[in-house]
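Participant: Okay, here's what each chain looks like letter by letter:
2 protein chains.
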Amino acid sequence: MNIGLDMMGGDFAPLEAVKGVQQYLAENAAANLFLIGNKEQIDPLLQEHKVPADRITVVHAGQVIGMDEHPTKALKEKQQSSIAIGFHLLAAGKTDAFISAGNTGAMLVGALFSIKAVEGVLRPTISTIIPKEDGGTGLLLDVGLNADCKPEQLNQFAVMGSVYARLILGIENPRVGLMNVGEEEGKGNLLAQATYPLLKENKQINFVGNIEGRDVLVDKADVMVCEGFTGNIILKLAETLYEISHRRQLKDEYFDRFNFENYGGTPVLGVAKPVIIGHGISGARAFYNMIGVAEKMIEKDVLGKMKEALQ
Amino acid sequence: MNIGLDMMGGDFAPLEAVKGVQQYLAENAAANLFLIGNKEQIDPLLQEHKVPADRITVVHAGQVIGMDEHPTKALKEKQQSSIAIGFHLLAAGKTDAFISAGNTGAMLVGALFSIKAVEGVLRPTISTIIPKEDGGTGLLLDVGLNADCKPEQLNQFAVMGSVYARLILGIENPRVGLMNVGEEEGKGNLLAQATYPLLKENKQINFVGNIEGRDVLVDKADVMVCEGFTGNIILKLAETLYEISHRRQLKDEYFDRFNFENYGGTPVLGVAKPVIIGHGISGARAFYNMIGVAEKMIEKDVLGKMKEALQ
Numbered sequence: 197m198n199i200g201l202d203m204m205g206g207d208f209a210p211l212e213a214v215k216g217v218q219q220y221l222a223e224n225a226a227a228n229l230f231l232i233g234n235k236e237q238i239d240p241l242l243q244e245h246k247v248p249a250d251r252i253t254v255v256h257a258g259q260v261i262g263m264d265e266h267p268t269k270a271l272k273e274k275q276q277s278s279i280a281i282g283f284h285l286l287a288a289g290k291t292d293a294f295i296s297a298g299n300t301g302a303m304l305v306g307a308l309f310s311i312k313a314v315e316g317v318l319r320p321t322i323s324t325i326i327p328k329e330d331g332g333t334g335l336l337l338d339v340g341l342n343a344d345c346k347p348e349q350l351n352q353f354a355v356m357g358s359v360y361a362r363l364i365l366g367i368e369n370p371r372v373g374l375m376n377v378g379e380e381e382g383k384g385n386l387l388a389q390a391t392y393p394l395l396k397e398n399k400q401i402n403f404v405g406n407i408e409g410r411d412v413l414v415d416k417a418d419v420m421v422c423e424g425f426t427g428n429i430i431l432k433l434a435e436t437l438y439e440i441s442h443r444r445q446l447k448d449e450y451f452d453r454f455n456f457e458n459y460g461g462t463p464v465l466g467v468a469k470p471v472i473i474g475h476g477i478s479g480a481r482a483f484y485n486m487i488g489v490a491e492k493m494i495e496k497d498v499l500g501k502m503k504e505a506l507q
Numbered sequence: 197m198n199i200g201l202d203m204m205g206g207d208f209a210p211l212e213a214v215k216g217v218q219q220y221l222a223e224n225a226a227a228n229l230f231l232i233g234n235k236e237q238i239d240p241l242l243q244e245h246k247v248p249a250d251r252i253t254v255v256h257a258g259q260v261i262g263m264d265e266h267p268t269k270a271l272k273e274k275q276q277s278s279i280a281i282g283f284h285l286l287a288a289g290k291t292d293a294f295i296s297a298g299n300t301g302a303m304l305v306g307a308l309f310s311i312k313a314v315e316g317v318l319r320p321t322i323s324t325i326i327p328k329e330d331g332g333t334g335l336l337l338d339v340g341l342n343a344d345c346k347p348e349q350l351n352q353f354a355v356m357g358s359v360y361a362r363l364i365l366g367i368e369n370p371r372v373g374l375m376n377v378g379e380e381e382g383k384g385n386l387l388a389q390a391t392y393p394l395l396k397e398n399k400q401i402n403f404v405g406n407i408e409g410r411d412v413l414v415d416k417a418d419v420m421v422c423e424g425f426t427g428n429i430i431l432k433l434a435e436t437l438y439e440i441s442h443r444r445q446l447k448d449e450y451f452d453r454f455n456f457e458n459y460g461g462t463p464v465l466g467v468a469k470p471v472i473i474g475h476g477i478s479g480a481r482a483f484y485n486m487i488g489v490a491e492k493m494i495e496k497d498v499l500g501k502m503k504e505a506l507q
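Those sequence lines, one after another, are chains A and B.
Per my numbering, residue 197 is the first one in the first sequence, and the count goes up by one each step.
Per my numbering, residue 197 is the first one in the second sequence, and the count goes up by one each step.
Among the hints, erroneous ones may be present.
Covered stretches of chain B, going by a simulated chain A footprint (3 or more residues, C-beta under 8 Å) [said to hold, decoys possible]:
| no. | region |
| --- | --- |
| 1 | 248 to 260 |
| 2 | 330 to 344 |
| 3 | 381 to 395 |
Chain B residues, not near chain A, derived (Cβ > 10 Å throughout) [as the list claims (entries may be wrong)]:
| no. | residue |
| --- | --- |
| 4 | 245 |
| 5 | 426 |
| 6 | 428 |
| 7 | 435 |
| 8 | 436 |
| 9 | 444 |
| 10 | 468 |
It should be emphasised that the hints constitute simulated quantities derived from the structure, not laboratory data.
Using N, Cα and C, we set each Cβ at its ideal position, and we do this for glycine too.
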């Protein structure tokens with residue numbers, strides 16, 4: 197398998213990307229890597245870090261899309277950017293997955309418009325890992341791609357999240373909870389009220405009912421479903437827990453797990469090939485983890501399994 | 197002024213309520229208190245805790261609405277309950293405010309249906325205090341009374357929240373932020389997109405733009421506005437920060453401030469008289485604080501000021 201990696205994305209590119217690649221290839225890793233970026237900057241670093249040449253293909257990209265550029269505009273105008281070339285390679289079948297810690301908007305636009313949606317998917321989605329206090333791991337989705345949703349979309353997010361939780365997070369029969377303001381059926385805003393019966397009837401998932409804000413960090417549900425407005429606010433609030441506990445020097449094992457570098461980025465779920473979006477502050481470990489997630493997604497045919505589950 | 201207090205509401209009633217009353221009256225407090233509940237249970241406790249008889253009126257209530265009873269049904273059928281009698285006294289003008297740590301739903305139903313809305317208010321709202329990392333205090337609203345909202349309602353929440361923040365929390369010219377998924381105008385779901393221009397044009401408030409999940413716990417905005425679905429989830433998530441840090445014995449000054457007992461309950465904003473809803477786990481300190489907030493709301497004519505600001 198071939199995995200494409202944007203070497204120019206993220207605040208510490210390309211050095212941290214190179215280090216992540218080195219770590220990945222030092223293990224008995226399955227994938228060959230297409231490293232996309234400015235050859236003049238990348239080649240010396242690859243040599244310096246002794247990255248084995250037989251496992252990589254460097255693809256030169258003369259342009260970079262900045263973190264603050266307008267996604268659609270930049271992607272259209274900068275055809276030689278590492279992100280644009282990354283999606284060209286993916287769409288052409290030269291690579292089987294694409295990873296970048298660069299401009300999130302451009303990554304989303306690229307994923308949605310240059311890669312087809314999985315057959316049957318109404319809207320692709322993005323998720324985040326939520327560490328649970330008991331040591332477990334939850335998946336929250338959507339976290340911002342779809343600020344307004346229809347019940348049928350949330351129902352599909354539940355299915356896609358369940359497949360991902362099972363195959364990538366290793367959770368057997370993941371419990372699906374609907375983010376809501378109360379436990380009982382019938383609670384919530386119009387969207388949650390209309391979504392509940394769909395989840396209840398859905399035989400592809402293990403629906404355990406409504407969950408509340410108090411349940412997000414504890415062991416109540418493995419896959420937590422909501423529209424992207426609420427999900428994005430929860431995600432960004434959760435991210436500050438690491439920052440705050442860090443600033444306050446709490447050195448707590450649990451709050452440390454909110455360091456999102458541990459989780460290897462956010463896959464776009466529902467597009468036909470793995471696309472993984474990293475955090476702007478991704479370091480070597482994050483790149484290493486993202487390549488690992490992409491490998492696992494290809495190996496386990498996560499997107500094929502989603503297609504089956506949605507039929 | 198006369199403040200009504202439900203002595204039977206909350207998990208530790210009536211003992212903790214009596215202790216809170218004792219503490220309040222031990223200071224040079226302005227209000228006389230109407231203590232509503234089972235006389236047989238209350239009287240011995242009042243004597244035991246030496247509550248001065250000239251500052252209190254005990255009003256017997258033979259029934260109690262349980263924490264899990266259906267709000268509307270219970271309030272209708274249990275006319276002799278402490279909550280029902282509390283609202284009768286308030287509606288009749290015998291008291292100027294009503295406080296209970298009992299059944300939240302019954303308190304909301306009572307507030308909405310036995311007390312008129314402030315003139316001009318489309319929908320009353322409930323808020324919560326959010327402690328800020330720098331030691332400051334924010335106000336988040338709505339936190340669950342209105343799961344679906346219209347832009348005009350959020351605009352009013354911003355005004356009511358600003359008046360409350362100024363007069364009760366003592367924040368000069370409070371900064372209003374719109375909870376959203378991005379900083380720029382135009383971001384967000386349809387509701388947030390439609391609300392932004394209303395807040396921007398509103399001369400009664402100091403609008404500082406969109407705020408994100410990462411801004412909730414830091415010093416970015418004093419009054420944080422959203423619909424009650426998102427707000428309720430943030431509230432309940434924030435409450436678990438105290439519980440988790442407590443369970444993990446972190447003993448951190450900041451996370452300790454998420455102990456909601458510190459803040460004396462949630463006022464219903466937008467009904468014509470102060471109604472304050474306490475947490476089920478309210479102890480003496482919470483009751484003491486709730487009586488203090490009610491006194492301050494009457495003294496500063498918070499609801500009159502809201503009416504003015506909304507015209």
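Participant: Compare the structure with each hint and give your call.
Facilitator: Hints and how they fare:
1. 248 to 260: violated (count 0)
2. 330 to 344: As far as the region 330 to 344 of chain B goes, the hint holds, because 3 residues have Cβ atoms under 8 Å from chain A.
3. 381 to 395: n = 4 at 8 Å, threshold three: holds.
4. 245: Non-interface label stands for residue 245/B: nearest chain A Cβ at 33 Å, farther than 10 Å.
5. 426: It is violated; residue 426/B is separated from chain A by about 5 Å at its closest Cβ, not greater than 10 Å.
6. 428: Contrary to the label, residue 428/B does not stay out of reach of chain A, its closest Cβ about 4 Å off (not over 10 Å).
7. 435: violated, 6 Å
8. 436: violated, 5 Å
9. 444: Violated: least Cβ distance 6 Å, not greater than 10 Å.
10. 468: holds, 26 Å
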